[in-house]
Structures are given as structure tokens and as C-alpha cells.
Amino acid sequence: MSNTKKILIVDDEQDIVETLKFMLEAQGYECFCAYDGETGLNMAKEILPDLMILDVMMPKINGYKISRLLKYDNKYKNIPIIMVTARSQEDDKLIGQETGANEYITKPFELDEVINKVKEYLED
Amino acid sequence: MSKILLVSDNETQKDLISKALTKSPNALICSLDETAIINYVEKRQVAMVIIDEEVESLDAIILVKKLHSTAIKENIAIAAIVKNDTENTDLLKLANVYVTKPINEKILTSCITGSLKLKKAIDTLSLNNSELAKSLYQLDVLYNTSTQLAGSLDKQKLIDIMIDGLEKSLSFSLSYVLVFNDEHNIELIINSLYGISPRLEHSLKLRAILSYKALFDKKRIPYDINVNEIKVIKNIKHPIEEYDLNILKFDNLFAPINIGEKFFGLIEVFRENDFTQEDTTCFQTLARQVSLPLENAALYEEIKNTNTKLEKLERLKSEFISIVSHELRTPLTAIKNSLEICLSGKAGEVNAITDKFLNMAKRNVTRLSGIINDLLDLSKVEAGKMDFKFEKTNINIPVEFIKNTFENVAKEKNIELILEKENDISLAYIDTQRIEQVMSNLVSNAIKFTNENGKIKIKTENIRENDLDKSILLGAQNPVFYENYIKVSVSDSGIGIAPEDLKKVFDQFQQIENSLNRKNGGTGLGLPIAKQLIEAHKGFIWVESELDRGTTFSFAIPVMSEKEKFITDLEKETLKAKTCSQSLLLVLIEEKKEEQNSFIDAIKQEKISIIRKTSNTKEVYYLEENKNYLAIMLPEADKFAQSFIEKKIESILHNESEETQSEKYAILYSTVLFPDNAQDATELMEKAKDLLKNKVEALL
Chain A
2 MSNTKKILIV DDEQDIVETL KFMLEAQGYE CFCAYDGETG LNMAKEILPD LMILDVMMPK
62 INGYKISRLL KYDNKYKNIP IIMVTARSQE DDKLIGQETG ANEYITKPFE LDEVINKVKE
122 YLED
Chain B
16 MSKILLVSDN ETQKDLISKA LTKSPNALIC SLDETAIINY VEKRQVAMVI IDEEVESLDA
76 IILVKKLHST AIKENIAIAA IVKNDTENTD LLKLANVYVT KPINEKILTS CITGSLKLKK
136 AIDTLSLNNS ELAKSLYQLD VLYNTSTQLA GSLDKQKLID IMIDGLEKSL SFSLSYVLVF
196 NDEHNIELII NSLYGISPRL EHSLKLRAIL SYKALFDKKR IPYDINVNEI KVIKNIKHPI
256 EEYDLNILKF DNLFAPINIG EKFFGLIEVF RENDFTQEDT TCFQTLARQV SLPLENAALY
316 EEIKNTNTKL EKLERLKSEF ISIVSHELRT PLTAIKNSLE ICLSGKAGEV NAITDKFLNM
376 AKRNVTRLSG IINDLLDLSK VEAGKMDFKF EKTNINIPVE FIKNTFENVA KEKNIELILE
436 KENDISLAYI DTQRIEQVMS NLVSNAIKFT NENGKIKIKT ENIRENDLDK SILLGAQNPV
496 FYENYIKVSV SDSGIGIAPE DLKKVFDQFQ QIENSLNRKN GGTGLGLPIA KQLIEAHKGF
556 IWVESELDRG TTFSFAIPVM SEKEKFITDL EKETLKAKTC SQSLLLVLIE EKKEEQNSFI
616 DAIKQEKISI IRKTSNTKEV YYLEENKNYL AIMLPEADKF AQSFIEKKIE SILHNESEET
676 QSEKYAILYS TVLFPDNAQD ATELMEKAKD LLKNKVEALL
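Here the protein sequences line up with chains A and B, keeping their order.
Each number in the numbering used here corresponds to the 1-based position in the first sequence with 1 added.
Each number in the numbering used here corresponds to the 1-based position in the second sequence with 15 added.
Calculated directly from the structure, the hints in this document are not laboratory data.
Please note that the accuracy of each hint is not assured.
Derived, one-sided and incomplete: chain B residues facing chain A with beta-carbon distance under 7 Å [claimed, not checked]: (1) Ile338; (2) His341; (3) Thr345; (4) Leu347; (5) Ala349; (6) Lys351; (7) Lys361.
None of these values were measured; they are calculated from a predicted model.
We put the CB at the ideal spot given by N, CA and C, even for glycine.
Excised from the complex, chain A in its bound form (with noise of 0.2 Å):
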């Protein structure tokens, strides 16, 4: 179906991004999955998802560094990024906020939580 509304995972934890990937496909939603920052940034632009979940700490480039990239560029810049991180400084908040990432979700999270994000997100 073309209006399968497609997510992009990016976490190094594969076993996050399991529990993710099948509660989204659950609910109906196309999962692609990266474990690696450079993996993650190329499929982004390759797929062009709706919306993309993104891990902080990563191999080769991480998730700050992403998000702005993607951000300043015309091209993707309106594909909204869920922050996934275990910092919780208040000062990693606000360059997760600089780097243009929509929300920022603390770990351990809540599915629900990260669903309910999903949705606002994907479902008018």
C-alpha cells in the first residue's frame, strides 16, 4: 500500500529497535531499521521516511549530528525526529532541541509513550 506511512529506527541496541519495530508494525506502520549512524543517515535519505526515531550515542555519527544535518537541508528537513537517549542533562536536552529534533524521549521509555509520540506525529 502507498500510504503506508514508513519509520525509520536508527539505536545501535538491536534489542531496542526490535521492541520498537514490532510494536509500530503493530500498528500498521512500515519499519526500516539502522544500527549505526552512517547506515542510518544514508537510508534516510534513500527512503525518505515520515518520520524517523533516533538514537543519541552511536558508532560513527550520532544522532545530534544527524538530526542537523538532515535538518539543514532543504531536501528532508520536514521529516519529524523522535530523540531517543538514556542522557538525561538537561544540557543534552537543549542541543537535542538546537539540532531541530521535534521531541526527546529519556530512556527506559514507555512503548506507549514513543506510540502515542508516533501518532501525533503521523495521523492528523
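We have chain A already, so just place chain B on it with the hints.
Just chain B now, kept in the frame of chain A:
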């Protein structure tokens, strides 16, 4: 025996005098050579000079005049033999005694013995006097040295002060101090007037070791010393000349230096002139005097080392907790997510028993997350990394919110939850979210420890400083008190806390035995966190309890004026700037015209743009004392930011004064930079105020 010098060319007279002196022990010498006579007197080789007025080969009066001052100084008597009708009054004045011609043998003898007796008495007196002066000087040195010793906690400096004192009071040729810092750090400090030959240096080392071994006689020596391990420190005054082994033949004094009962080192001094009894006393006193301050210095060093170690440990602990907690969060999220998926039934049907155990797992994962959050909070607030958002707020708002949140939980246990709030409560600077955290902790604890059908009362009130029971404020370090406080208390009718456990409730990881804590899934960190959070508000938290009757937890938060709040913030920010080696800028602005605040309003409007343009600056604070006074604090602002801000203020000032046509100097401002202009918050504020005052004075 002292000699008597006769200046006379009259042979009969000579015979007469020598006859008169046969019974006295003094030898008589004669001379008519002026140079020789003066030489005898100056070198103190004679006790008395007898001059004949009528001597022909030289002028008696000129000779006496030449001898006079030296004779007085050296206490040498001058006797004159004069004509019966002499007119030489000068000679009579200058001589100590005189005899008239013709000489009467008896008068002459008594004259001479009288003069010599007088001389002896004066000599004894002046010797005593000079000894007294020397003792006085030594006492003075001792006193000064002991004052200096008391003022230092540095071992090396103490040794230096002692040697300096010894040098002043004894003027030694050479001294050495053998200092045992520890087993492999042994120093030989040599202070010498002249240089030291290599073989002297070596023999001093050996001598020091031998003296050290001799001190312990047959007892075991504390350390074995190897002569090659001794580190030599030399202070030479005049390196042009050099001492060799012969210095070891000089007179010497020796003393051990002890710290309390423990051996610390030893000292020996050498001097060409023999040491007197006073010198010995002085030396021993000084060697003893240094012992107490050395002991203090050793203790101080120990405390300092322990402190540094503790600080490092504390930091490591915080870092460790922070890292571990972050690492724990990720796997915990994966576990939690998996459980949720299973429980949602989307991964397959869940039967009742599986559901029960999955729920149990989920409950415990949630509990574990709680513990990790607590640990993180604690390490953050301890490391001063927690950011607070203090705002002037009515504390009833968060208190009421928590009361409503817990109403249902209380109802489940049929506990009555009452809120008795002061409607006229003062506004205080609080971080609402953190106060909610503290309140939720206190109220949930109260519910945990109160039996069914019990009662919990939450109360808010205004109190004054005097109402605080200072004996009960546990563990507050260097507390600062304010005039007014708001107090919140949570009283339950629960099981109570035993008096011996009361002190421990705010300690980390202290779980009170027999408490319901474990059973009820507490982390034992809630109260320590609450304490830290309240202390960050400059407040106090305390507990009162009676076993089986109930417990009351209370906290008080100061009601600060804007100025007090500003000072508190300034203190906090300067401390932060100090630890991070950053700068901080303080700007003071005063508007002279009381009826209008147009300029300050303009500055406030410009506030945001000022901050944005000064690089890293995070936050700005201001205070209004009389509405015409403004203070701005700019953390991380540097010299460039300072000049930028000054320019900015000047430009606003310029625009404003044109618009209002007011005087050009209706506004005064000053900027001071930390740490360039001041070392702490108080100094910073004073400097800024002084600058403002100077500007006012300059205008008048």
C-alpha cells in the same frame, strides 16, 4: 696582670713610683714614645696611664686629649702628676685622678689602688651588662622565632625558621639538620658561612648518621640509612672561601628533633668561638620549640592528604554511579519493552499465570528504574550538576498537587489525608518540580508507615528564624539563616522511628532495620535526595518522631528578598566559575532619577539581545532594590563580553537621553569581572559598588 704605664722623664719620680708599686701586683712600664703609648691604650694592654705634666719630650696635654676617648671607652684610668700650682685646668679635667708635686708616696699609692679598684668594678659591671644584652638579644630571637614557628604549617619552612633563629642568636659557622620525611626521603640541610669541600660534605653525612645511631644507643633505630640515599641541600653564604675537615674541631652543639614521641631528625651546629652556657640553653630551647609546630605540620599534612583522597573518592563515586546508571538504562528499556509486548497480547495469547509473572517482572523493572533514577539524581545533586529553576512561587500549589495525587492511594488504606494550608503564605524561590519530588517522597513514606484507618496531616505555615529549633537541624554545614521561612510538615500516626535511628534517616543507603522499607520497595535514597534538594533551596529538613505514635517530617525554605536571592545566585555562580575555571561578569546599573525607570526598562528589554550576543552566556539575573537599581550577572562572560556590554549600555544610554532630553549622567553603571577583578561573590559585589560610588563622586 694589667700593667701601669708611666710617662715621665724624671728618674727620681720613676724610682718613687716603682717603689710605691712594689706591693701592688701591677707591673710598671715606661714609655715616652707617643705612638707606642697610644698603641698600648688602644690594644688594652695597660690598666692605667700615669702622665707627668712636666715631661719634656712630648706635650702632656695633647697626649691626654688623644688618649681620652679611647681611655673612657676601654675603661683605662688616666692619672696626672701636676705642679702644686698648676694652671693646666684641661689636664685636671681630663684626668681621672691627679697627684701634686712633690709626690707623697702614700697618697700616690692609694690613688693608684683606688683607680684600679674602680676600674675593676666598672669592668665587671660592663661585662655583666654586655652579657645581659646578649641574653636579651637571644631571648628576642627566641621569641621572634617561636612566633614565626607558630604561624607555619609547612615542615620545610619550620626548619628554615629554626635555622634562621639559630643563626641570629648563635652566629654559627656551619649547621646541618638531618630530616626524616619518610624512609626513602632523608634530607641533610647544610647552612654554612663558607663553601664546603667534597670530603667535608661526605664526613658531615657520616657524622649525621653516626649521631643518629648514637641517639638510639642499644635500641633499634627507626630506619636504616644508606649514606648514598641522603639528599643534601646546601645554603652557602660566602662561597668564595671553603671549609675543610678542620671545622669539625670547632665547638659544637647537638640536639635531636622529635615530633611528639616520634623521632623526626637531628641538628648540629659548629662555631669557631666556644659556645657559652647561654648559647647552649638557647640552642636546646629552639630545637625543642620547633617540635610542636612540626607535629602540627605533620598532622595538617596528613589531614590534607586524607581530604584530597576523600574528595577524589567522592568524585569517583559520583562518576561511577552516573556511568553505571546510564549503562543500566538501555538494557532495562529493552526488558521493559519486551515485557510490554508480551503483556499486550500482541505476541501471542497470555494465560493467567503467565500474566501474573509477567506483571511481577514488569513491576520489578519499574522499581529498578526508580532506583536508577534516584541514584542519578543523588549523584547529580551531589556533584552540583543538577539544574534548578527557582521561581518565586506559592508553595501551596505543589503541596496541594501532591496531596491530590496521593488521595487515592491513601483511600485504599483508608487513611485520612488532611491539608492544613496557610492561605497567606509568603512567596519563596522554589523549584516546583523538585518540591513536588520531596513532597511525594514524604507523603508516600507517611502512607507506607501508617496503618489502616490512620491519619496524615500536611501543614504549611509562615515561620521566623527564631521558630527554627536549631538543635534539631541535622547535618547542616555552615548554615546561613534568613529572617523568614515557609515551613511544610507531614505528620503521620504511623509506627514511628526509634531515637537511635532518627539521625540515620537522611544518610545514604541507610535502611533502618525492622522498618517496612524493604518490604515496601523503597530505595533508601528518597530522604537523602530530599535533604540535598531542600539544602539546594538554602533550607533545612528535619524529623521528629515517637515510637508507635507517629513521625513528623518538616522542611523550611527561606523567604528571600530579590537582593538576597541575587547574592545567593552570585555566590553559586562564582563557585561554579571557579571550579570550571570560567569567568563571570557582574553589571550594576543605577538610575539617578527616581520618578522614572525608562533606562532600566530599556536595559531589561535589551536583556535578551545582550545575552545572545555575548557568546556562551546562559542566564541573566537581575534585582530591583528601589526600582532604580539593577544588577545583571552573566556567567561565562569574558573580557570581550564586558567591552561589548559596556558599548551596548552606552548606546542605549545615548538613545535614551536624546529621547527624554534628560541629563547625560542620570545613569551610572559599572562592570566587574571574576576572577580578574575579584576573588569571590562578596568582593565582586563590593568592587562593583565602589566603582559606582566613585563615578558618583567624580560627577560631584
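Going down the list of hints, with the structure as the test:
1. Ile338: Cβ of Ile338(B) sits 11 Å from chain A, so the hint is violated.
2. His341: holds (5 Å)
3. Thr345: holds (5 Å)
4. Leu347: This interface hint holds because 5 Å falls under the 7 Å limit.
5. Ala349: Since chain A brings a Cβ to about 4 Å from Ala349(B), closer than 7 Å, the hint holds.
6. Lys351: holds (5 Å)
7. Lys361: holds (5 Å)
In terms of the numbered hints stated before, the structure departs from hint 1 and from no other.
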